Amino acid sequence: MEFNENYGTGGNGNNNNDTTGNVITGKISANRSFKQGKYVLKGYVYVTNNAVLTFDPGCVIVSDNTEKGALIIERGSKLIAEGTAFNPIIFTSGKPAGSRAPGDWGGIILLGKAPTNRPQSPEPIIEGGVNRGYGGTDPNDNSGVLRYVRIEFAGIAAEPGSEINGLTCGGVGAGTIIDYVQVSYGNDDAFEFFGGTVNAKHLIAFGTMDDDFDFDFGFTGKLQYGISLRDRPSDTDQSNGIECDNDGSGTSAQPFTKPSLVNFTLIGPYDTTGASTLHGFGQRWRRAARFIFRNSIQMGHRLGGFVLENDPTITAYKNNEDEFKNNLVHAYTKQAASGNQSIMTDAQVKAKAEADGSRFFATRDEILLENPFNIAAPNFKPKANSPAITPALTAADNSGLDGFFVKESFRGAIGTSDWTSGWSSFSPQNSAY
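Sequential numbering of the sequence shown, starting at 1, is according to the working numbering.
Mixed in with the good hints there might be a few duds.
Straight line, CA to CA, 30 Å or less: simulated BS3-like cross-link-like pairs of lysine-lysine [to be verified]:
#, residue 1, residue 2
1, Lys222, Lys334
2, Lys407, Lys383
3, Lys334, Lys258
4, Lys383, Lys318
5, Lys407, Lys258
6, Lys222, Lys407
7, Lys318, Lys222
8, Lys258, Lys318
9, Lys407, Lys318
10, Lys334, Lys318
11, Lys222, Lys78
12, Lys35, Lys95
13, Lys334, Lys78
14, Lys95, Lys27
15, Lys352, Lys407
16, Lys42, Lys27
Distance windows between CB atoms, simulated [said to hold, decoys possible]:
#, residue 1, residue 2, range
17, Thr273, Glu366, 39 to 47 Å
18, Ala362, Glu321, 29 to 37 Å
19, Gly98, Ser121, 30 to 38 Å
20, Glu370, Gly58, 43 to 51 Å
Simulated from the structure, these hints should not be mistaken for lab results.
Note that the coordinates shown come from a computational prediction; the quantities given were computed from them, not determined experimentally.
Every residue, glycine too, gets a C-beta built ideally from N, C-alpha and C.
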């Protein structure tokens, strides 16, 4: 993730739509729908003028290999990509099986009118070189529906240090539906939320080069059932399961970035000897970030597990302004860490987490998931005697969670039934499209 503190009014884009063939290009300023089939995304495609872009279940959208594609949904417009468990919608590389790579195309950017902690005059501009603004005053703004969607091999660097994420949400509102979305082998973050209030469930970050879940600029949404599994490579920057900042300077701009994350399973690189040394933390809470992280599993990350990086973040946790409850944590270096030992020592951070029902483990195998590090066919279910299900969480353990969250008895993203089955893919390099 890179912070973009540049502001402006945004560029115009071109208007060279191909309305006759299977090529999607230019500016879309009126409603368009695509039936099940294969389409080519050519260059940066902007959906503007309150237009609605709809893809039916089973659509496969591949990028042009020369004019690499990206899909940008501007404020007021909507993307309706509603697949099914047996017929997902796939956005992917245009290259043949065996030759695909992170950065083969851009990714999907949703821009909404929900609040951020950035000034709106001049307006913030989303990263990735698209030169479009985001954010506003409507927390219930609606940018469409993404359900049963896969986004693969995204992350082209439009500008140095400013790649497009797999799914970027800039000021996206709570009227938007994001459910059952997998981002695989992106060249930057899998999911990044720049402010906004959108809620989401059933998210998978797989083989991400940078961070799996990244939150900035006043994001206050709720997410349940999130999975990440890292491959051996990583970005040239430190790569984390979660990275969270209030803003790039750690100011007290409000609303504070405070994601509510429940039932997550964050898995580090499967190969402990061949993995990049730039794989970092399971959870990196920094730069005045706030958070709720509950009923989750984090294991196998290199540098640390539960990490509080700067003074405002540490102080907020110490003062019970954040929640870290009922989690299972393993890391190879520090299980829990504080960036300022005079505010809280590492031991105090760990003790507070344990008092709130969290447990720390010396080895990753003690958490007893079925086969979470199998990069080709992972199984994130808990074994029969796993601490993920024994003892079961109670109503008291789930107290304080609002009606968005299902009150589960297990820790982690998956209990006895596997919601990843059918629509997701852990071998996108080999898929024939």
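Now for the hints, and whether the structure bears them out:
{"no.": "1", "hint": "Lys222 x Lys334", "in the structure": "27 Å, holds"}
{"no.": "2", "hint": "Lys407 x Lys383", "in the structure": "20 Å, holds"}
{"no.": "3", "hint": "Lys334 x Lys258", "in the structure": "24 Å, holds"}
{"no.": "4", "hint": "Lys383 x Lys318", "in the structure": "34 Å, violated"}
{"no.": "5", "hint": "Lys407 x Lys258", "in the structure": "20 Å, holds"}
{"no.": "6", "hint": "Lys222 x Lys407", "in the structure": "14 Å, holds"}
{"no.": "7", "hint": "Lys318 x Lys222", "in the structure": "22 Å, holds"}
{"no.": "8", "hint": "Lys258 x Lys318", "in the structure": "16 Å, holds"}
{"no.": "9", "hint": "Lys407 x Lys318", "in the structure": "26 Å, holds"}
{"no.": "10", "hint": "Lys334 x Lys318", "in the structure": "19 Å, holds"}
{"no.": "11", "hint": "Lys222 x Lys78", "in the structure": "21 Å, holds"}
{"no.": "12", "hint": "Lys35 x Lys95", "in the structure": "22 Å, holds"}
{"no.": "13", "hint": "Lys334 x Lys78", "in the structure": "43 Å, violated"}
{"no.": "14", "hint": "Lys95 x Lys27", "in the structure": "24 Å, holds"}
{"no.": "15", "hint": "Lys352 x Lys407", "in the structure": "23 Å, holds"}
{"no.": "16", "hint": "Lys42 x Lys27", "in the structure": "11 Å, holds"}
{"no.": "17", "hint": "Thr273 x Glu366: 39 to 47 Å", "in the structure": "20 Å, violated"}
{"no.": "18", "hint": "Ala362 x Glu321: 29 to 37 Å", "in the structure": "30 Å, holds"}
{"no.": "19", "hint": "Gly98 x Ser121: 30 to 38 Å", "in the structure": "49 Å, violated"}
{"no.": "20", "hint": "Glu370 x Gly58: 43 to 51 Å", "in the structure": "30 Å, violated"}
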